[in-house]
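Use the sequences and the hints to build the structure in full.
These are the residues of each chain, in order.
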Amino acid sequence: MPQMLPNFSSSVKLKYVKLGYQYLVNHILTLLLIPIMVGISIEILRLGPEEMVNIWRSLDIDLVQILCSSFLIIFICTVYFMSKPRSVYLVDYACYKPPITWRVPFSSFMEHSRLILKDNLKSVDFQMRILERSGLGEETCLPPAIHYIPPTPTMEAAREEAQIVIFSAIDSLMQKTGIKAKDIDILIVNCSLFSPTPSLSAMVVNKYKLRSNIKSYNLSGMGCSAGLISMDLAKDLLQAHPNSYALVVSTEIITPNYYKGSERAMLLPNCLFRMGGAAILLSNKNRDKRRAKYRLVHVVRTHKGSDDKAYKCVYEQEDSQGKVGINLSKDLMVIAAEALKSNITTIGPLVLPASEQLLFLFTLIGRKIFNPKWKPYIPDFKQAFEHFCIHAGGRAVIDELQKNLQLSSEHVEASRMTLHRFGNTSSSSLWYEMSYIEAKGRMKKGDRVWQIAFGSGFKCNSAVWKCNRTIKTPTDGPWQDCIDRYPVHIPEIVKL
Amino acid sequence: MDLVPMFLYCLPLLCLFYNLWKIFDKRRHQNCYILDYECYKPSDDRKLNTRFCGEVIRRNKQLGLHEYKFLLKAIVSSGIGEDTYGPKMVTEGREMSPTLDDAIIEMDDFFIDTIDKLFKKTGISPSEVDVLVVNISMLAAMPSLSSRIIYHYKMREDIKVYNLTGMGCSASPIAINIVQNIFKTQRNVQALVVTSESLSLGWYTGKDRSMILANCLFRSGGCAILLTNKVALKEKAMFKLKCLVRTHHGAKDESYGCCIQKEDDQGFVGIHLGKNLPKAATRAFIENLKEIAPKILPVRELLRFILLTLIRKMTQKSTKTGAASRPVINFKTGVDHFCLHTGGKAVIDAVAQNLNLSEHDIEPARMTLHRFGNTSASSIWYVLAYMQAKKRLKKGDKVFMISFGAGFKCNSCLWEVMRDLDQDGNVWKEFINSYPPKTITNPFLEKYGWIQEEDPDTFCIPDDYVIP
Numbered sequence: 001m002p003q004m005l006p007n008f009s010s011s012v013k014l015k016y017v018k019l020g021y022q023y024l025v026n027h028i029l030t031l032l033l034i035p036i037m038v039g040i041s042i043e044i045l046r047l048g049p050e051e052m053v054n055i056w057r058s059l060d061i062d063l064v065q066i067l068c069s070s071f072l073i074i075f076i077c078t079v080y081f082m083s084k085p086r087s088v089y090l091v092d093y094a095c096y097k098p099p100i101t102w103r104v105p106f107s108s109f110m111e112h113s114r115l116i117l118k119d120n121l122k123s124v125d126f127q128m129r130i131l132e133r134s135g136l137g138e139e140t141c142l143p144p145a146i147h148y149i150p151p152t153p154t155m156e157a158a159r160e161e162a163q164i165v166i167f168s169a170i171d172s173l174m175q176k177t178g179i180k181a182k183d184i185d186i187l188i189v190n191c192s193l194f195s196p197t198p199s200l201s202a203m204v205v206n207k208y209k210l211r212s213n214i215k216s217y218n219l220s221g222m223g224c225s226a227g228l229i230s231m232d233l234a235k236d237l238l239q240a241h242p243n244s245y246a247l248v249v250s251t252e253i254i255t256p257n258y259y260k261g262s263e264r265a266m267l268l269p270n271c272l273f274r275m276g277g278a279a280i281l282l283s284n285k286n287r288d289k290r291r292a293k294y295r296l297v298h299v300v301r302t303h304k305g306s307d308d309k310a311y312k313c314v315y316e317q318e319d320s321q322g323k324v325g326i327n328l329s330k331d332l333m334v335i336a337a338e339a340l341k342s343n344i345t346t347i348g349p350l351v352l353p354a355s356e357q358l359l360f361l362f363t364l365i366g367r368k369i370f371n372p373k374w375k376p377y378i379p380d381f382k383q384a385f386e387h388f389c390i391h392a393g394g395r396a397v398i399d400e401l402q403k404n405l406q407l408s409s410e411h412v413e414a415s416r417m418t419l420h421r422f423g424n425t426s427s428s429s430l431w432y433e434m435s436y437i438e439a440k441g442r443m444k445k446g447d448r449v450w451q452i453a454f455g456s457g458f459k460c461n462s463a464v465w466k467c468n469r470t471i472k473t474p475t476d477g478p479w480q481d482c483i484d485r486y487p488v489h490i491p492e493i494v495k496l
Numbered sequence: 001m002d003l004v005p006m007f008l009y010c011l012p013l014l015c016l017f018y019n020l021w022k023i024f025d026k027r028r029h030q031n032c033y034i035l036d037y038e039c040y041k042p043s044d045d046r047k048l049n050t051r052f053c054g055e056v057i058r059r060n061k062q063l064g065l066h067e068y069k070f071l072l073k074a075i076v077s078s079g080i081g082e083d084t085y086g087p088k089m090v091t092e093g094r095e096m097s098p099t100l101d102d103a104i105i106e107m108d109d110f111f112i113d114t115i116d117k118l119f120k121k122t123g124i125s126p127s128e129v130d131v132l133v134v135n136i137s138m139l140a141a142m143p144s145l146s147s148r149i150i151y152h153y154k155m156r157e158d159i160k161v162y163n164l165t166g167m168g169c170s171a172s173p174i175a176i177n178i179v180q181n182i183f184k185t186q187r188n189v190q191a192l193v194v195t196s197e198s199l200s201l202g203w204y205t206g207k208d209r210s211m212i213l214a215n216c217l218f219r220s221g222g223c224a225i226l227l228t229n230k231v232a233l234k235e236k237a238m239f240k241l242k243c244l245v246r247t248h249h250g251a252k253d254e255s256y257g258c259c260i261q262k263e264d265d266q267g268f269v270g271i272h273l274g275k276n277l278p279k280a281a282t283r284a285f286i287e288n289l290k291e292i293a294p295k296i297l298p299v300r301e302l303l304r305f306i307l308l309t310l311i312r313k314m315t316q317k318s319t320k321t322g323a324a325s326r327p328v329i330n331f332k333t334g335v336d337h338f339c340l341h342t343g344g345k346a347v348i349d350a351v352a353q354n355l356n357l358s359e360h361d362i363e364p365a366r367m368t369l370h371r372f373g374n375t376s377a378s379s380i381w382y383v384l385a386y387m388q389a390k391k392r393l394k395k396g397d398k399v400f401m402i403s404f405g406a407g408f409k410c411n412s413c414l415w416e417v418m419r420d421l422d423q424d425g426n427v428w429k430e431f432i433n434s435y436p437p438k439t440i441t442n443p444f445l446e447k448y449g450w451i452q453e454e455d456p457d458t459f460c461i462p463d464d465y466v467i468p
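One line per chain: the protein sequences are A and B, in this order. When we follow the UniProt record's numbering, the leftmost residue of the first sequence carries the number 1, and every step to the right adds one. When we follow the UniProt record's numbering, the leftmost residue of the second sequence carries the number 1, and every step to the right adds one.
What the simulated footprint calls covered on chain A by chain B, stretch by stretch (three residues with Cβ under 8 Å from a Cβ of chain B suffice, anywhere in the stretch; the number is not a length):
#, stretch
1, 71–82
2, 227–239
3, 313–327
Straight-line C-alpha distance at most 27 Å; calculated DSSO-like pairs for lysine-lysine:
#, chain 1, residue 1, chain 2, residue 2
4, B, Lys290, A, Lys207
5, B, Lys279, B, Lys73
6, B, Lys295, A, Lys182
7, B, Lys398, B, Lys242
Pulled from the structure, derived: some chain A residues nowhere near chain B, Cβ distances all over 12 Å:
#, residue
8, Tyr16
9, Ile36
10, Leu45
11, Pro105
12, Asn120
13, Lys289
14, Lys472
15, Tyr486
16, Ile490
Since the hints were made in silico from the structure, they are not lab data. Each residue gets a CB set at the ideal place from its N, CA and C atoms; glycine is no exception.
What follows is the structure, encoded as structure tokens:
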């Protein structure tokens, strides 16, 4: 007992020292300014009002000069504000909620697996083990074509799934924001593995009768991080086009990509990927400043494609029997950690408070000059962000990031619960997670959110949002009927 | 005390001038220049002449004589010549069962050939590329083809990359549009745009006529373009983008459905080209012209057109004959060269008629269709290369590019030539002197024209038919 107490007291002392240091460095400008302001006000009080009027009179400025200078100042301010880059606001977003009849509880999934892969019991076993440890729940959904035994993934079925997911999300978004189809100026659709001709963006234009001078873009093949790539593109477009609305649709169409073979590494995506989609409305109009939910602060993209292992770690290929599927390599976690590190080195200086940056700088200098054996300082990102939305790529990804960024379980709760309730919905999972945080009533004005997503290639993209207004617990949304059940405890292994 | 008011004035004035200069400087850095571009010429063992096409049709057991006749007629009257290129899996006889590997190899051949040449020509290294936009309509692989390029050329980590798919034959201006917008927000950026079409996996293996047509008309081709907004590279640039207009008619159901990828009755996937494709194309074309004409034509031409239209309206009202011919706007007052999408002979003829173009104006498009076929999104770059090879492009000339695509989209842009261009390193270099040829009628027409008159009941392959 006596041995523990000193340790405890020293760690508490350290904690307070660290807190004190953070307050000092982060608010240094205010701290310096206070004595100056106090000095000036004391001086003014000492001089008295008549002295002030005398000094003013002696300057000998007449009315014309005052008018000219004030006019100049107003003009300069206008020019300055006009040349500033425009802020991008997220007005609102809507996530698609699949109907309960399309859910795939473990028992259905295993039954299907046994019937379809009846010649490959080892593969069935493999799928069962993956499901047990996946962190998915019993309410994740797959599209109707996959519920058939064997699945019937025709192009018609894929188009239908796309229509249901995308149109529901956009309908819900239009209802929430009150926007009309004619108001949309920019449309970006991203869906990784399904790209018909004409594109899904043309499908949206056709359904909602969007204007003929709409700027539409259809991104695909960019993996689970494509949602943030679309955000980046929307941000650049909104800088170049004043007074516009941008509609971004992120989804992944499961129907054509269900792996029909029996190669184990390629069966993994079948166990994890589920239906989902999100529609997001971005704006750079001044009148949306009040009603927008978030403001986009930064988007940072990192592409590790030049590295051989990173490029091949998520790879679509044919197996020995010619069936197409996605092969996930075993080094996925290591590569993800590497990509995250690169991303953090870029985003760190942009978002970390001065205290963390100084510490990082000191340890960097110390390691380079004094002693390379010093442990590298991992900046405390909890200082920079209140909420974290980590792409629900799988349990291992969330665990890895929690460890690397030293996050508590409450920080990653949104990601884990999204993985449990909706599965890995690819690029739209970040929006389900945001929705979870809002549904729990945790989003307050001024909160900063960090969205991180990984994708094939290997990419690591992150976006930083700042909450514009305290968000009341929404009465609609994908979590509305089940939020009270969450958070649930997800065991390491669910026995099947 | 005089110094104080002087100082009080100078400071804000300086601030003002600084801000104004910042705005002006920003505009200067927003121009979109093409440094260079390189079109793809596949290897000669991939050439598809008409006889070979006939053989491909013949060995498809699903097609009967009616389809054979229909397709040969289409090929013969399409304006496509004997030296166009197809995907390897067709020339190797495996078109009924293409694999994902075939598609990837097809793209790899294009990347390695064209992008290497482009980097060598311009002297820019891959690590200097800041933006990469790839548009290949019919292939969505994972990782994307843009990642494949980054992997192969070891490009930087902070590269901005976009992979567009499904946007059809009009996707080139869309890719340029993305680059143009990025140029407006960042300085000193170099962008690489890669545009092509993947024919391997899109090959239709059924027997619906409207869908096999796509097999016969599309050919392999591609283009890589290097763009920049660096003011320092202005002297080396070839073209400057003046304006770009996009028109999307997807809101109209007939336009949306006239070129659509779907399954036929037997479940084979192919691109269905509907009968109202020309009408949808014309509508989109006219609306696009209406929007871009005021931006690119000189004021006197616009005034002339407006005056003539008003006069015609007034005379129509008074005489009610309506026989007066419509005034046609003369695009040649603002545009010197026309790069038309080589969608087919009918497309080129229709556009020429609408714009009142002469044979000289549409010669580049016709020759491109003859030599390279319809290479989808990259066709306009082959047309541009032809003009360059024929030494038609002089400094200050205006080049108008227009393309149509599924959706239905019509996109156009206007480029200004920055310096006199000659044909060094051009894809047309080796055979430009043999163009235009004396005749471009299909030799198949003469030799096998008898097929048009054959009766299906008594038809049998003649004895002297040699399999090519």
